[in-house]
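Engineer: Residue-level listing of the chains:
2 protein chains.
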Amino acid sequence: MLIGGIEAGGTKFVCAVGDDHGKIVDKITIPTEGPDETFQEVKKFFKTYPIEALGVGSFGPIDLNTKHETYGTILNTPKTEWKHYDLLGRLKADFPIPVYLDTDVNAACLGEYLYGAGKNADSTLYITVGTGIGAGFVYQGSTYQGTSHPEMGHIFIEKRGDDRFTGSCPYHGSCLEGLASGTAIEERYQVRGDLLQENETVWELEAHYLAQAIVNYIMVLSPERIILGGGVMKQEKLYGMIREKVREMVNDYVAIDDVEELIVAPELDDEQGVKGAIGLVFRDEDV
Amino acid sequence: MLIGGIEAGGTKFVCAVGDDHGKIVDKITIPTEGPDETFQEVKKFFKTYPIEALGVGSFGPIDLNTKHETYGTILNTPKTEWKHYDLLGRLKADFPIPVYLDTDVNAACLGEYLYGAGKNADSTLYITVGTGIGAGFVYQGSTYQGTSHPEMGHIFIEKRGDDRFTGSCPYHGSCLEGLASGTAIEERYQVRGDLLQENETVWELEAHYLAQAIVNYIMVLSPERIILGGGVMKQEKLYGMIREKVREMVNDYVAIDDVEELIVAPELDDEQGVKGAIGLVFRDEDV
Chain A
165 MLIGGIEAGG
175 TKFVCAVGDD
185 HGKIVDKITI
195 PTEGPDETFQ
205 EVKKFFKTYP
215 IEALGVGSFG
225 PIDLNTKHET
235 YGTILNTPKT
245 EWKHYDLLGR
255 LKADFPIPVY
265 LDTDVNAACL
275 GEYLYGAGKN
285 ADSTLYITVG
295 TGIGAGFVYQ
305 GSTYQGTSHP
315 EMGHIFIEKR
325 GDDRFTGSCP
335 YHGSCLEGLA
345 SGTAIEERYQ
355 VRGDLLQENE
365 TVWELEAHYL
375 AQAIVNYIMV
385 LSPERIILGG
395 GVMKQEKLYG
405 MIREKVREMV
415 NDYVAIDDVE
425 ELIVAPELDD
435 EQGVKGAIGL
445 VFRDEDV
Chain B
165 MLIGGIEAGG
175 TKFVCAVGDD
185 HGKIVDKITI
195 PTEGPDETFQ
205 EVKKFFKTYP
215 IEALGVGSFG
225 PIDLNTKHET
235 YGTILNTPKT
245 EWKHYDLLGR
255 LKADFPIPVY
265 LDTDVNAACL
275 GEYLYGAGKN
285 ADSTLYITVG
295 TGIGAGFVYQ
305 GSTYQGTSHP
315 EMGHIFIEKR
325 GDDRFTGSCP
335 YHGSCLEGLA
345 SGTAIEERYQ
355 VRGDLLQENE
365 TVWELEAHYL
375 AQAIVNYIMV
385 LSPERIILGG
395 GVMKQEKLYG
405 MIREKVREMV
415 NDYVAIDDVE
425 ELIVAPELDD
435 EQGVKGAIGL
445 VFRDEDV
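Top to bottom, those sequences are chains A and B. Every letter in the first sequence is one number past the one before it in our numbering, and letter 174, counting from 1, is 338. Every letter in the second sequence is one number past the one before it in our numbering, and letter 85, counting from 1, is 249.
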């Protein structure tokens with residue numbers, strides 16, 4: 165049985181055909197243009213494969229509340245051509261097969277849960293720290309969905325006293341994303357993050373903010389595994405710094421059996437999104 | 165079918181006999197002494213009723229990870245007689261019927277979900293703001309459990325610039341509980357909270373911190389209903405203040421259909437804990 169998967173991102177669409185064991189048969193990456201141009205390429209790719217269902221992990225914010233009339237519609241994105249776009253409607257029109265829709269981060273989390281660093285961890289949190297910060301969550305084998313969907317990158321944390329940056333989030337100023345995303349790093353130092361590699365104070369502050377956020381996720385979700393991915397996490401020294409700070413901040417209030425096992429890197433090499441999108445077909449309800 | 169329920173709190177044990185429709189047949193409140201004295205009274209109460217199962221919502225922190233050897237044991241409580249006490253072992257020894265164990269806040273949340281302010285809300289968060297701050301969560305009809313259990317009162321939030329108080333939490337200083345619990349209010353102003361009733365700045369700051377925390381819970385859990393209970397919330401003006409601040413802080417980043425419907429008061433008049441404890445029998449797995 166062949167399944168289609170789409171990691172529908174703001175800059176690129178990754179489309180793949182695979183099976184229910186995480187095997188990818190074919191894959192293509194399409195730059196995200198307007199909906200019409202993009203879906204023309206997407207359809208062309210899938211046309212030659214007899215896929216029986218399609219799973220999609222989409223950028224957002226996207227309305228995933230089935231009770232809403234705007235269910236399946238992209239909401240307030242700065243990408244004007246996609247703003248208020250009926251993504252689910254388009255998918256159903258282009259693909260007359262069962263379609264499964266979730267957020268990009270939930271799909272990525274499901275991918276790692278099924279085939280990567282979250283294997284066998286019943287509650288797996290996947291955090292991506294890049295231009296923005298987002299997180300997906302798998303609980304008891306399915307992606308977590310609230311009344312709309314979580315936006316975990318936008319939690320409030322405590323700004324460190326010596327940090328004079330006011331924050332880059334247009335909605336919340338100094339929320340987590342406003343203080344610790346790649347965008348925030350560049351705005352704070354007025355230099356691209358990868359040029360700051362040797363600057364210890366940069367990564368010390370970054371680890372401090374990410375650790376605070378992770379402690380909050382631990383206090384709220386108590387996940388068994390926390391996977392940290394995304395461009396900023398290419399600074400591999402961050403893992404050790406974050407683990408140490410998380411342990412200090414939790415201060416034994418809740419038991420952390422092994423922080424090296426708790427906080428880990430992804431294992432699927434940028435394929436977690438599309439593998440998870442395919443996985444949605446087996447884990448989520450048909451829409 | 166008669167079911168026993170215990171709301172096992174640090175200051176009192178509420179025991180009740182009820183049915184699976186939320187009806188309470190008999191109820192007693194026992195002050196919490198050491199385990200032996202307390203359980204003697206508990207057994208005496210239940211002896212006359214042919215209960216077929218027992219649900220217990222317990223104070224904590226308590227180990228609820230079934231993979232742990234210490235599963236069912238009270239952990240680091242300041243109440244020395246209960247520290248490291250095998251609560252589940254005692255319950256099973258005293259009551260040779262199926263026993264269901266959860267946190268006190270999860271039981272309270274389940275009570276409100278089944279019979280009170282959370283009715284029909286698939287994801288219901290119950291926050292209690294008293295001496296400490298805790299929260300329970302019901303998701304898809306069952307109480308939420310992570311790898312141990314959430315401790316939502318201990319998330320980090322941003323301390324307001326004009327607040328000179330260093331926080332009352334012995335573990336985290338100025339976490340939410342350290343800044344906004346009843347204990348924090350009394351330590352900050354050196355006056356009992358109920359004597360501060362007319363002092364607007366007290367409740368303005370309190371609403372500010374609780375709103376921040378609620379925004380964080382919204383970003384992580386996206387709950388359909390948020391119920392605010394506990395002693396501090398007897399200051400009823402807090403509800404309106406919190407609703408307004410939550411709306412401001414979210415700043416339309418995620419849709420809040422109706423903030424009056426989202427953030428509400430409990431409806432079960434201090435019976436949510438014991439009714440939820442009875443409800444555990446129908447909603448959780450037998451331990």
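Rather than coming from a laboratory, the hints here were simulated on the basis of the structure. Predicted model, so just to flag it, every value in this text is computed and none were measured. Errors might be hidden in some of the hints.
To be verified - Lysine-lysine pairs mimicking DSBU-like chemistry, simulated, CA-CA at most 30 Å apart: (1) A:LYS208 - A:LYS191; (2) B:LYS401 - A:LYS323; (3) A:LYS231 - B:LYS231.
Engineer: Hint by hint, say whether it matches the structure.
Structural biologist: Hints, one by one, checked against the model:
About 12 Å separates the Cα atoms of A:LYS208 and A:LYS191, which keeps this hinted pair within 30 Å; it holds. Only pairs whose Cα atoms come within 30 Å are accepted, and B:LYS401 paired with A:LYS323 is accepted, the gap being roughly 29 Å. Restraint check for A:LYS231 and B:LYS231: the C-alpha separation of about 38 Å exceeds 30 Å, so the hint is violated.
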